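**Student:** Listed here are the chains, written in short residue letters.
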Amino acid sequence: MVDEIRDFIFKYGPWIIFAPTVIGLINYKKYSKEFKIVTFYLILSVIVQVISFILWLNRINNYPILHIYTILEFLLLVAFYYTQQKGFWPSKLYKILAVVFTILSICNSIWVENIYTYNTYARSIEALIIIFLSISSFIMDVSNVENFQQRQISVRFINAGILIYFTGSILLSSFNEYIEKLNFGFRMNVWFIHTILTILLYILIAIGLWKQRKKRNFILAL
Amino acid sequence: MEAKEKAKFYFGIIVAILAFSIIAVGFVVVFVRYRKGLLLKQQQLFRQDFLHKQELLAINIESAEAEKISIAKDIHDEIGSIFSTLSLSINQLKPGTILEPEVFNTSNKLIEMGISSVRRIARSLAPFELELLGLQQALESHFETITKLSDLVINFNCSEDLVRLKPTAELAIYRIMQELTSNCIKYARAKNVSISFEKKEDTLFISYSDDGAGSDLLPNSKKKGIGLKNIESRVLILDGKVQFVSSLGAGFKCNINIPNLKNILHD
Numbered sequence: 013m014v015d016e017i018r019d020f021i022f023k024y025g026p027w028i029i030f031a032p033t034v035i036g037l038i039n040y041k042k043y044s045k046e047f048k049i050v051t052f053y054l055i056l057s058v059i060v061q062v063i064s065f066i067l068w069l070n071r072i073n074n075y076p077i078l079h080i081y082t083i084l085e086f087l088l089l090v091a092f093y094y095t096q097q098k099g100f101w102p103s104k105l106y107k108i109l110a111v112v113f114t115i116l117s118i119c120n121s122i123w124v125e126n127i128y129t130y131n132t133y134a135r136s137i138e139a140l141i142i143i144f145l146s147i148s149s150f151i152m153d154v155s156n157v158e159n160f161q162q163r164q165i166s167v168r169f170i171n172a173g174i175l176i177y178f179t180g181s182i183l184l185s186s187f188n189e190y191i192e193k194l195n196f197g198f199r200m201n202v203w204f205i206h207t208i209l210t211i212l213l214y215i216l217i218a219i220g221l222w223k224q225r226k227k228r229n230f231i232l233a234l
Numbered sequence: 003m004e005a006k007e008k009a010k011f012y013f014g015i016i017v018a019i020l021a022f023s024i025i026a027v028g029f030v031v032v033f034v035r036y037r038k039g040l041l042l043k044q045q046q047l048f049r050q051d052f053l054h055k056q057e058l059l060a061i062n063i064e065s066a067e068a069e070k071i072s073i074a075k076d077i078h079d080e081i082g083s084i085f086s087t088l089s090l091s092i093n094q095l096k097p098g099t100i101l102e103p104e105v106f107n108t109s110n111k112l113i114e115m116g117i118s119s120v121r122r123i124a125r126s127l128a129p130f131e132l133e134l135l136g137l138q139q140a141l142e143s144h145f146e147t148i149t150k151l152s153d154l155v156i157n158f159n160c161s162e163d164l165v166r167l168k169p170t171a172e173l174a175i176y177r178i179m180q181e182l183t184s185n186c187i188k189y190a191r192a193k194n195v196s197i198s199f200e201k202k203e204d205t206l207f208i209s210y211s212d213d214g215a216g217s218d219l220l221p222n223s224k225k226k227g228i229g230l231k232n233i234e235s236r237v238l239i240l241d242g243k244v245q246f247v248s249s250l251g252a253g254f255k256c257n258i259n260i261p262n263l264k265n266i267l268h269d
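Residue numbers (our numbering), protein chains in the order written: chain U, 13 to 234; chain W, 3 to 269.
Calculated directly from the structure, the hints in this document are not laboratory data.
Quick caveat: nothing in here was measured; it's all calculated off a predicted structure.
Positions of the beta carbon are idealized from the N, C-alpha and C atoms, including for glycine.
Be aware that one or more of the hints could be misleading.
To be verified - The calculated EDC-like cross-link candidates involving lysine to aspartate or glutamate, where the alpha carbons are at most 16 Å apart (straight line), are:
1. W:K8 - U:E189
2. W:K168 - W:E114
3. W:K231 - W:E64
4. W:K6 - U:E46
5. W:K6 - U:D15
6. W:K8 - U:D19
7. W:K188 - W:D153
8. W:K202 - W:D153
9. W:K111 - W:E133
10. U:K193 - W:E7
11. U:K193 - W:E4
What the hints assert, rightly or not - Chain U is faced by these chain W residues, among others (derived, beta-carbon under 8 Å):
12. Y12
13. F13
14. V17
15. A18
16. A21
17. I24
18. I25
19. V31
20. V32
21. R35
22. A66
23. I123
24. R125
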């Protein structure tokens with residue numbers, strides 16, 4: 013029974029991504045810039061997930077997709093934090109992070125880690141920077157007691173999802189090579205935790221986007 | 003272990019250490035900032051509360067001064083003029099002259115008027131029924147007077163077990179009721195007023211409602227009149243809570259809760 017539940021979550025869990033994506037697409041026009049970026053991030057994740065799934069079904073190595081996805085995901089998340097954290101860090105920092113990470117990731121894929129293998133370095137560094145930005149976002153949130161804005165609540169949900177996901181998956185990314193060498197059962201358990209984290213990420217993003225939609229409607233009703 | 007593998011292993015360890023360090027430092031910073039923000043908000047609340055109390059105190063002093071002026075005016079205009087006229091009347095009596103009935107009657111009337119004025123002013127200063135008969139009867143008498151002098155119908159319900167409170171507390175509640183009913187007559191043009199005093203355990207629930215013109219200025223405390231602020235400060239002295247509900251054309255409601263009645267019980 014437990015195995016069946018685990019298999020079910022494994023197979024269908026990640027497809028929960030459609031929920032926040034649909035919410036994002038329906039309310040896209042009402043959103044401010046940071047939530048539009050989140051919607052873009054979701055669309056990118058859906059496309060990558062679908063392509064990876066098709067490649068996996070056809071028994072074709074889908075790691076090259078992950079190499080490209082890592083760069084695009086990083087750029088979109090940095091753009092999200094850049095828009096949301098205006099004035100917290102110098103804007104140059106976000107731009108430098110985006111450019112340097114993109115260049116290093118491309119170099120890593122060409123010369124260091126083959127595109128047909130897991131890109132440990134890029135994924136780990138990405139997670140590290142995103143954790144840093146996510147924590148910054150929380151610090152900014154608690155520092156801003158005076159001018160509380162309703163959209164902070166939505167950002168909190170999305171940010172919490174990102175922090176939980178990347179904190180949980182950073183060890184997985186860093187020690188991926190060693191995990192791959194372990195026995196099948198243990199490996200499955202580790203990837204099951206990863207799936208749970210992914211589901212949590214998308215649920216929290218969905219709540220954030222949903223709350224933002226409700227808030228806008230309320231103002232219109234006034 | 004191969005050199006490449008070794009490098010990846012060390013990299014993994016460094017990344018893990020860095021990640022958890024960022025999270026730990028972040029957590030501490032979030033906590034400190036949160037506490038600081040909380041403290042700031044608390045200080046703001048204290049300041050707001052202080053300013054509010056200061057404002058109420060100023061209004062109290064202002065009202066007390068206004069009341070003194072009104073009493074002085076009453077004494078001067080009524081009692082002063084009665085005594086002046088009485089003095090003129092008595093001056094007509096010279097030793098050895100016969101006391102004319104007209105002079106006697108006028109003087110007598112003036113003395114009666116003086117006594118009645120003194121009673122009225124004394125009553126407005128401190129209603130004697132309050133100390134003698136208690137809050138319920140004093141209010142009943144007050145409402146009866148209002149009903150006689152105006153078209154207002156006052157429906158007054160009071161818990162049977164309403165206990166005697168300290169004179170200052172009873173006077174404060176009496177004044178609140180006076181303020182509410184006088185506001186109703188002056189501004190609301192209401193026809194019906196409903197007042198209830200309900201005692202539940204150790205709390206007194208007072209509710210007032212009328213079907214008058216109402217007001218839409220209530221939500222903004224700055225625009226509240228001196229009368230309502232006076233009510234607020236009296237409730238504050240009783241350690242209670244007051245809530246005004248009103249909108250244009252929808253009458254006026256005032257709900258007062260006075261908890262811990264045991265602290266203000268009559269000795």
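**Student:** What's the verdict on W:K8 and U:D19, does the C-alpha distance respect the 16 Å limit or exceed it?
**Tutor:** Violated. W:K8 to U:D19 sits at ~34 Å, over the 16 Å cutoff.
**Student:** Does the CB of W:V31 sit less than 8 Å away from some CB of chain U?
**Tutor:** This hint holds: W:V31 lies near chain U, its Cβ roughly 5 Å from the closest one there, short of 8 Å.
**Student:** Close enough to count: is the Cβ of W:V17 nearer than 8 Å to one in chain U?
**Tutor:** holds, 4 Å
**Student:** Just to be careful: measuring from the Cβ of W:F13 to every Cβ in chain U, is the smallest value less than 8 Å?
**Tutor:** Hint on W:F13: holds, closest Cβ of chain U at ~7 Å, below 8 Å.
**Student:** Can the hint on W:I24 be confirmed by a CB-to-CB distance to chain U that is less than 8 Å?
**Tutor:** For W:I24, the interface hint holds, since the closest Cβ of chain U sits about 5 Å away, which is under 8 Å.
**Student:** Would you check the hint for U:K193 and W:E4, treating anything up to 16 Å between C-alpha atoms as holding?
**Tutor:** Within the cut-off at roughly 15 Å; holds.
**Student:** Between W:K8 and U:E189, does the CA-CA distance stay at or below 16 Å?
**Tutor:** Between W:K8 and U:E189 the Cα gap is close to 11 Å, so the pair holds against 16 Å.
**Student:** Under 8 Å, Cβ to Cβ, is where W:I123 needs to be relative to chain U, so tell me if that hint holds or is violated.
**Tutor:** With a minimum Cβ separation of about 53 Å from chain U (threshold 8 Å), the hint on W:I123 is violated.
**Student:** Against the 16 Å threshold, does the CA-CA distance of W:K231 and W:E64 hold or violate the hint?
**Tutor:** Since the Cα atoms of W:K231 and W:E64 sit roughly 11 Å apart, the hinted pair holds (cutoff 16 Å).
**Student:** With the threshold set at 16 Å, check whether the alpha-carbon distance from W:K6 to U:D15 stays at or below it.
**Tutor:** This hinted pair is violated, its Cα atoms lying about 36 Å apart.
**Student:** Quick check on the hint: W:V32 CB to chain U CB, less than 8 Å?
**Tutor:** holds, 5 Å
**Student:** Holds or violated: is there a CB of chain U closer than 8 Å to the CB of W:A21?
**Tutor:** holds, 5 Å
Hint compliance for this structure: hints 2, 4, 5, 6, 8, 9, 12, 22, 23, 24 are not met, and every other hint is.
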